[in-house]
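Trainee: With these hints in hand, go ahead and build the complete structure from the sequences.
Here the protein sequences come in this chain order: A and B.
Position in the first sequence (from 1) plus 13 gives the number in my numbering.
Position in the second sequence (from 1) plus 13 gives the number in my numbering.
Any given hint could turn out to be false.
Identical copies go unnamed one by one, so any copy, or any two together, can satisfy a pair.
Unchecked claim - In the PhoX-like style, the derived pairs of lysine-lysine whose C-alpha atoms are separated by at most 20 Å in a straight line are: (1) K477 with K612; (2) K557 with K333; (3) K696 with K621; (4) K482 with K612; (5) K122 with K162; (6) K422 with K615; (7) K422 with K509; (8) K391 with K612; (9) K615 with K482; (10) K249 with K73; (11) K246 with K181; (12) K65 with K528; (13) K502 with K583; (14) K513 with K482; (15) K378 with K110; (16) K173 with K162; (17) K477 with K528; (18) K528 with K181; (19) K509 with K153; (20) K706 with K477; (21) K153 with K370; (22) K590 with K528.
I should point out that these hints are in silico values taken from the structure, not numbers from a laboratory.
Note that the structure is a prediction, hence the values are computed from the model and not measured.
Number of protein chains: 2
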Amino acid sequence: MAKFLRHALVPMALLACAPAIVPYAHADEGMWTMDNLPVKQMQDRYHFTPSKEWIDRVTKASARLALGCSASFVSADGLVMTNHHCANECLQQLSDKTHNYFQDGYSAKNPAAEQRCPAMELNQLDSITDVTDRMQAALKGKEGEAYTKARQAEESAIEKECAGADAKTWRCDVISLYHGGRTALYRYRRYQDVRMVMAPDQNTAFFGGDPDNFNFPRYDLDMAFLRVYENGKPAKVAAYLPFDAEGPKDGELVFTSGNPGSTEREVPLADLEFSRNVTVPFVIDNYSALDGALWQYSRESVAHHQEAQERIFGIENSLKVYRGRVPVLADPKLLDAKAKSEASLRDWINADEGRKKTYGDPWAKNAQALAVKQQIFKPYIMLEGSFGLQGDLFSYAKLLVRGAYERQKPDAERLTAFHDGRLPALEAELGSIAPVYPDLEKTELAFSLTKLRQVLGADDESVKQVLGKAAPDDLAVSLVNGSKLADPKVRLALWKGGAKAIEASQDPMIVLARKIEPQARALRKRMDDEVAAPSRQATEAMAKARFARDGVSSYPDATFTQRLSFGQVKGWDENGKQVAPFTTFAGLYDRATGSDPFKLSKPWLDAKGRVNLNTPFDFVSTNDIIGGNSGSPVIDAQGHAVGLIFDGNIHSLGGDFYYDESTNRAVAVDSAAILESLKSVYKNQALADELVKGHL
Amino acid sequence: MAKFLRHALVPMALLACAPAIVPYAHADEGMWTMDNLPVKQMQDRYHFTPSKEWIDRVTKASARLALGCSASFVSADGLVMTNHHCANECLQQLSDKTHNYFQDGYSAKNPAAEQRCPAMELNQLDSITDVTDRMQAALKGKEGEAYTKARQAEESAIEKECAGADAKTWRCDVISLYHGGRTALYRYRRYQDVRMVMAPDQNTAFFGGDPDNFNFPRYDLDMAFLRVYENGKPAKVAAYLPFDAEGPKDGELVFTSGNPGSTEREVPLADLEFSRNVTVPFVIDNYSALDGALWQYSRESVAHHQEAQERIFGIENSLKVYRGRVPVLADPKLLDAKAKSEASLRDWINADEGRKKTYGDPWAKNAQALAVKQQIFKPYIMLEGSFGLQGDLFSYAKLLVRGAYERQKPDAERLTAFHDGRLPALEAELGSIAPVYPDLEKTELAFSLTKLRQVLGADDESVKQVLGKAAPDDLAVSLVNGSKLADPKVRLALWKGGAKAIEASQDPMIVLARKIEPQARALRKRMDDEVAAPSRQATEAMAKARFARDGVSSYPDATFTQRLSFGQVKGWDENGKQVAPFTTFAGLYDRATGSDPFKLSKPWLDAKGRVNLNTPFDFVSTNDIIGGNSGSPVIDAQGHAVGLIFDGNIHSLGGDFYYDESTNRAVAVDSAAILESLKSVYKNQALADELVKGHL
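Mentor: In structure tokens:
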């Protein structure tokens, strides 16, 4: 397991408000949209130009897990390859008192034995349509609230037309690229019947644990295989990636196709300073405290350990990312370059009256937006971002309350997440049979209520409203004990009952969510109208000015939509020491200590005599990836799968802000390691055969 | 309880490397040394000039608790007034299964019943001697290691001469003021027999808990009374502060006499940037994680709650301080002013060949020191600062191991803490009968070993040496279970046995401390020779240049030595709302919710009918204080005690870097509240009488 899943913990709006345009792409840099690949660059550097057939196959064989990961089809019978850490929620949800699939691994004897993941949705990209003109026409001349509303309405209309009557089959997302310089409609085939095929044990998938996370050399078999079903049968898919039994060679040209979540390579300097001075310290502070609390919680019993493990992984993974941002955001090289580039653009605008009129002063506009953001940052993140009200039960309650109110409005006036086209996914979420752990719920809620009071202060009106005269611990216990929302039937009944059922509900978690909804909504409205809207307009103006001046287009900042990166298998120089690009199975046995997280599982201990120790295990390449790329296939020039992305090295943590080919490396499992481990360690010949043959 | 004790958790060397000179003191600003009071300023602003008798009495009636607090004598019979949060360690150590003095309060019926605090030392300032010339002669022309050694040797010699044969009675500290612009010898009378007289219950002392910490209005009775003994009898002291039964008035001139720990008001900009980019993020990250772990630990049982409470208080208090630094260190006003001031000084030096020769380029020298500091920061703080090896048992082991090796050297070559004059305090620490809690030890050690591996990486040689093939949890359990160091007799025997006993010891904690000692020492040496020495020389050169140019002297940055501040009782304007300077007992009853930390204790619930609700409770004043001032008396122009400092308001958190009279406020308990609560709530007429009469 590792960390290239998209962070789900902090509201994205706060952390990645403003993607932007990269004027020049260097070397192997770039997360390219499939309809605008850098063919000249690829040809110049690697003497390779992908055919239309190659692009089509790679596009259609790529997929996205709605929870925030990437994936690919690797057989005609709907077999999906992704990371263990992208499937861990499902593995945990399928586990019971006798089976701990998350810890011990999973292996279905045959398709009939493959169990359905309770809350997994897979999206396969079907088409991309340019809707830039339509969106710009709808937004013209609008500001603040009017802008937010017009944007919501137009997105709703476009998505509705796209999905048509069949929102269960199609998912349509309007995506803003290049800061609204372009708007695109992404249409996805939606698979909600996703079943577990195979996953190795956790020790092997996440060998080295948090200490080795983001490091290399590495020895992780961070893989999982799923299968999508249609009408109760393995789905026949139009495109898949043939599996390469050998893996790539040192220096070989390789691609990744995946869904990088977000980057901030072209956000204004003021936004980086805001991150450095406000967001990053706040997130590290609060995640570290939660990490500490859950660390102790998981030491209390085997059950607590099991319940908290996946959550801890997510938090520690995010923490490594945020810690990585601290030195980057303090690096004068980055900050000075950005200051210089912005100053020159500002001078260029101000040198001409026409340009001044066209672009205005986007820096002043952005600064004003950031001032509002600063003002509402803490209440927003605590109340609307729910950092002050954590746990599954409150999340359900909030979704139910907001969903009930939102669905009373016409589609065009709703928040994006509640458009008709998005409702099936929400309903699936509410119907999830994933277990809710009362002890963990109480701990998370008591923790977050304590934080709520600490961060906003005991005299804050919302804090008083939530806590009344109760202590956080007591309130958490009574809320969790009193709520029936752990039962999916109860949740679905409330969902179907709409606003009337919500208003009538005496469930204490619903009562709390109802009570806090007005403040949370008000904060959301300010963030949308007074921060996001003007900030987007400001960065859009900067981007347009840059286009007008330089006439150069490149790849847009990441948006959790499909992107292709190219690069080569290659080590790097670490303070004068060359890091080799491959590890082998032998290295895994060498690194094992016998104790967690460097403990070998039984299958590997047993296999030591028969496994080929020279099998390449993990490798690094220069591909430009970021969180969200977890589970991306590594593809060779023939369009075959030669590896499986699961992480980046420590230098890749700067990748949010810039790409440095000399040290930034993607980390992948070698396809040869996947095959050899299936055959010699996990004795799953059937799956190995399906991979090699490309069908069941 | 609150937070103006000096932070003990992070090695001071890392956090406050370079105190310096403030060229102009404004308004009520200043932490003045007793031999250089701003008499003109006081006269101009308040028409008051203290008499020699006033200064003498205040000086001698002030005291310092070795653990990091301030205190004062309030009766001729050795009665000492300080904060509850300065006595909480003692209260906890005196507690047993039937008495929880920390939680429920303490009250000795008469002096014979006063119990001795197991590990408390009180120092009373006896004299200050200028040793600047002697020190400068010893250091002349020295650099790096030679500088460090010469400094150690000269300090040792001065302190030895000062304490003479009677190091048990006298403590002598060489203190560098104004960056070595002046060096002073502080000689203290040492009291090691300190007994507990009275402390209120924790609910009242720390009413509002962490949420209200650093806030005002406030309702805390953060007081404790101790008594120093000589030869088994209450000590007769030469000076004490008569107790004022009324408390101060709004606008009244008041003083505080205490021991502010450290400020960084004149450290170079580069040091502030280092704090912002490295120290503050690291400390917040790691303290928050520990805070979270202990938060959960304390929820596990009543015993765990009791064991961890004092530790949690210290951590949360430090966290508030560090969180307060985040916006201050990002404030362009502060940073720009400092950049400008340094640029002008640099220009002044460079404008003249003679000055260039005299002062050199102290900024370059300092930058080089900071580069080394950056490089060794994490290993230093984890291994030498022991953040990676926490718990009382390891601390004892480290002290024993280092002490054994240091004591083999001649006094002049030892680290300051191991000079002959300091040994009695160390011996007292090792002989402390304070309980060691095995569960808490295991938790802290497992936590810190996990952090050690996380921060330095699994491949770090020291990490491998400490952990071997063990998991942090398993190692912590075996170390704590296997060690006998919880027993003071065992510790004292090892201390007396010296290096031979240490080398022969099989105690696993000693074995570990022995193993890590060479790396820890090497890091210490680099920090001393390559960071502290050149950094001190650099800031000294800057200070001297400033003196030469401006000819202005002011107060030195804080050094945990006695300082006087002056100011007045005064509220402040908080975003347009006036905050009144006083609270009353009635406000306490209003704010109570019935649940922790806003819960009234039984004595207060019972007293509601008879207590005078109009009694002033806490008040704020413009006095310039900082961590370490906890327990300082507030003194009026007559030299009487009118209050007891225990905290600052939220704006005081900027006080590390600057003093802003408009909002920075000290928070104190009113002397009237102390008397009224003793009489009407705690029914301790004897103590009230002693305060009023000034003797038993």
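Trainee: Using 20 Å as the alpha carbon limit, work out where K482 and K612 are close: within a copy, between copies, both or neither.
Mentor: Between. Shortest inter-copy distance 10 Å satisfies the 20 Å Cα cut-off; intra-copy 48 Å does not.
Trainee: With identical chains, the pair K615 and K482 could be close in the same copy or across copies; at 20 Å between alpha carbons, which is it: within, between, both, or neither?
Mentor: So K615 and K482 pass the 20 Å test across copies only (18 Å; inside, 52 Å).
Trainee: Taking 20 Å as the upper bound on the Cα-Cα distance, should K477 and K528 be classified as within, between, both, or neither?
Mentor: within (11 Å within a copy, 52 Å between copies)
Trainee: For the identical chains here, do K528 and K181 meet the 20 Å Cα criterion within one copy, between copies, both, or neither?
Mentor: Intra 32 Å, inter 64 Å, cutoff 20 Å: neither.
Trainee: Measure nothing new, just compare the shortest in-copy and cross-copy C-alpha distances for K422 and K509 to 20 Å and report within, between, both or neither.
Mentor: within (16 Å within a copy, 80 Å between copies)
Trainee: Could you figure out if K502 and K583 sit no more than 20 Å apart (CA to CA) within one copy, between two copies, both or neither?
Mentor: Neither: 52 Å inside a chain and 60 Å across chains, both beyond 20 Å.
Trainee: Is it within, between, both or neither when you check K246 against K181 at 20 Å Cα-Cα?
Mentor: Result: close within a single copy only, 17 Å intra versus 86 Å inter.
Trainee: State whether the alpha carbon distance between K391 and K612 is at most 20 Å within one copy, between copies, both, or neither.
Mentor: neither (41 Å within a copy, 27 Å between copies)
Trainee: Please work out whether the CA atoms of K122 and K162 approach to 20 Å or closer within one copy, between two copies, in both situations, or in neither?
Mentor: neither (52 Å within a copy, 72 Å between copies)
Trainee: Pop the pair K173 and K162 into one bin, within, between, both or neither, using alpha-carbon distances up to 20 Å.
Mentor: within (16 Å within a copy, 78 Å between copies)
Trainee: Have a look at K378 and K110 and pick one of within, between, both or neither, based on CA distance no larger than 20 Å.
Mentor: neither (56 Å within a copy, 63 Å between copies)
Trainee: At most 20 Å between CA atoms: does that hold for K509 and K153 within a copy, between copies, both, or neither?
Mentor: neither (38 Å within a copy, 84 Å between copies)
Violated hints, in rising order: 2, 5, 6, 8, 12, 13, 14, 15, 18, 19, 20, 22; the structure is consistent with all others.
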